[in-house]
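S.K.: If you read the sequences in order, they're chains C and P. By our numbering, the letter at position 117 of the first sequence is numbered 117, and the numbering carries on one by one without gaps. By our numbering, the letter at position 290 of the second sequence is numbered 290, and the numbering carries on one by one without gaps.
Since the hints were derived computationally from the structure, they do not count as laboratory data. For glycine and all other residues, C-beta sits at the position ideal for the given N, C-alpha and C. All the pointers check out, no bait thrown in.
The calculated label-pair distances, taken between Cβ atoms and stated as ranges, are: (1) P:D120 <-> C:A20: 29 to 35 Å; (2) C:S403 <-> P:D120: 26 to 32 Å; (3) C:G401 <-> P:K115: 37 to 43 Å; (4) P:A12 <-> C:M405: 56 to 62 Å.
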Amino acid sequence: MLKTFSIGGIHPEENKLSAASPIQALPVPAEVKIPLAQHIGAPAQPCVEVGAKVKVGQLIAKAGGFVSANVHSSVSGTVKKIEEFVDANGMKKMAIVITVEGDEWEETIDRSADIVRDIKLEPKEIIAKISEMGLVGMGGATFPTHVKLAVPEGQKCEALVINGVECEPYLTSDHRAMLERPEEILMGVKILMKALQIDKAYIGIENNKPDAIAKLTELAKNYPGVTVQPLKLKYPQGGEKQLIDACMGRQVPSGKLPINVGAVVQNVGTALAVYEAVQKNKPLIERIVCVTGKPLAKPSNFLVRIGTPVSACIEAAGGIPEDCGKVIGGGPMMGRAMIHTDVPVIKGTSGILLMNKKESKRPEIANCIRCAKCVNVCPMGLEPYLLSKLSAKEMLDEAQGHSIMDCIECGSCNFTCPSNRPLLDYIRLGKGKVGAILRAKAAAAKAAAEKK
Amino acid sequence: MNSVLITIAVLAALGCLLAVILYFVSQKFKVYEDPKIAEVEAELPGANCGGCGFPGCHGLAEALAKADDISAIGCPVGGAAVMAKIATILGKEAGSAEPKIAVARCSASCSTRIKVTEYDGAQSCAIAASHFSSETGCAFACLGHGDCVKACKFDAISIDPEKGVVVDEEKCVACGACAKACPKNVIEIRAKGRAVQGKNRRVWVNCVNKDKGPVAMKACKSACIACGKCAKVCKFNAIVIENNVAYIDYTKCKACGLCLNECPTHALQATFPAPPKPAPKPAAEAPVVPPVQSDVKPADKAE
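Excised from the complex, chain P in its bound form:
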């Protein structure tokens, strides 16, 4: 009996002694961390996707707590709602970044692009791109081996044999992992567009082929041939033709859809139906829309 009591007493005394030592050690070697960092991190989604440009959510939280002006940084996944909460925690002004989405600028499908050769190597776009241009005549387009699908941590991308790369609007958080994984730079992170009746309206050029018109057309039926019709009809100077391909600047585009009827190869794609053909007068119908909210800062991320 006695030995049991002695054991308990010794262990208890040892425990107390070590606790005191540990307390002083922890005081001495304490690393101060802004408690706000933990608070901010708790608000962040915690996917560690790296879409913000920092190493994981903790990295972003640290950067947010440190920075005096946080308007330029933010979490693309959480969006405005999360950033507003963080802004109140930190007592700083949050930037009002426009919600964005990944857009695949290629409508690659077997029906529009004829295969000229066949690749049966490792199923990876990066490897295929290191070997050769493409299975089709277009050296710029989607290769279709799904590096973007593998890169997406939110299960938002799939490859449809008919439509090419399909981005799920609900799931995509615009972290940019797919755009980084794509060796052909087909995927671009663009503004989601203004929501009308619960649907975001946006228009983009579904082609990145920099070949001259006839060459591009020979390779793919739905290639942009840089005819310039869309640029001519655009009232907002949002469309530029560069390197034989049209590009719509999403900071200028108002998603009126006038260009959609002009494209001879249907290389333009929109999330809404094209306006009826003789273009309606601006006031008559929805197409020409009021400018996007004035407080929206134009994103500085050009092509």
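So that you can see chain C by itself, here it is in the shape it has in the complex:
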């Protein structure tokens, strides 16, 4: 029997429409818009002036703190302006706009396709390099990679877990990367293992990708300590805590981090980026984006420069069809609908999903029938029906008591509810409020401690 995580989970329709389409490099657009906040944490601070000439891979914004990431130019050209733009949620964000002129790369970047196998850097240097190259989690959460690799004192990392699950329906960018660039991914895993000073790594892959499992298992024989772990198909297996449970059989306790059970989780996309950053000196300036959806003419996987408009990606995949109801950034389960497509692809854009009008309509909401399906499917063992009610009634203390902060917002409860209740919508709202209260309390406690 194949391994999987122990509680909850659902089986949404897979719809991996673009699984067979190889990664194509998208042409460099005439202009790119590179946002300063492409990661969780403080936005980066621009370090180029308007009118400056930049090369591909040049640093254009420095990390604004420890939990932050550098931003590099993905094109060569002139900095046109540094201004606010309206992002996919309609919020204003700062971005550096660069007019593209030619395609001149920084000389330090090794652009050859040869695999560099010799890891010259020491663990500390690897982490510094990763930080310098602006790497963030490529799965979508965009947490700065160097922060995850900095194991806090007193904690011990025992194993690296690589997320090749891609449990979101439709998305295939990680799948294609595993098929087309397996050696690079495995080298990335090796580098990460060296950085963490461990000798054990699991690569978790769901068994709907038998070709990727076969390929990586074959190649992993040359990499001691790396185990390719085929997993049973179940959403949300790509969640950090679920993946650790599935691969290592360890449960992360409530309120704790993966490192507390000796694990560090990274995405396969991140492993690939780590290889390129450490061995090829290449910053995070492009990523694989899966453009897919039932109404789309050519669901495809593109290698896209950061800052390319989403509309250009959709255009390359056949353009927005007439029957398009929603454009979603990310997958159908956790992605967010975009309010317009004139937004740039960022480090965390794993997919662009188009839904037809019928699919995108939310069904009518009915009353809760107390069937407890949401409780059964919750991968965190929570009671979504109760949490959503508590959030709606602003009973935040009770919600906190029922571990609302443990919710990973996977949307399994919404998916399974026969009454189509917007459970997660309310839980997310309550979680935000409880989180704000907890942060305020922590800040007050810190201030009080400093006074003493």
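We have chain C already, so just place chain P on it with the hints.
M.R.: Chain P in isolation, oriented as in the chain C frame:
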């Protein structure tokens, strides 16, 4: 027969004994509460709306009885009448808070603001606001899912598809629950204004869009574009332009209505008709009004 009498006697004796014990216990553990608190609470409306800033009417009564100076606190629902009664009970001087009302500063309607996208998630402004800016090009305006309607305990707010958020002047008690519920801070608690012929006169800017003029105008036909015409014409310096939007300070505004004719986008709204166009001379007609009663303390609640 005998057993019945014994039962009665035993129970009666037990009752008397327990009553005596209870009496002493209650004397011993008595919690003293100012009897005035109960008296004050009886005068309060009892809606427990929290508009005063205290936890319910009992909380306010306690605070009123405790405080030496009660001019700064008061019940917005009961208003001056209730506060006057309470002041006599407590023998203290009541503050003369101006009657207030909730004002929705957005004239959102489908005819003025064009929808650029559609939201079909949970019908809650708070949730919609956590997801994205707005269904229209204006990221500041009313979302129209009715969190304020749900928050109102006095049934004073409704949403009209043509006029946007409508506040019932009779029912609104200015408790502020709607203003707190609105994630976009569109609703403001403002002075009700001086009553003329039974109608309260007040003027406000019906827009909170902080975008620059052209952007705001593109998103909404009735947006404030911060042209400053209203501020120029105002004789009382009541209008300030800040962050690309005009704001009328209700403590300074005399509700003359001169600004109403100036606004090119009709973003200003009043509860009375605008004065005839060539502005009448101050003495001729009602528009320029005598100052609001001098004993009225300017409310310190700015924007």
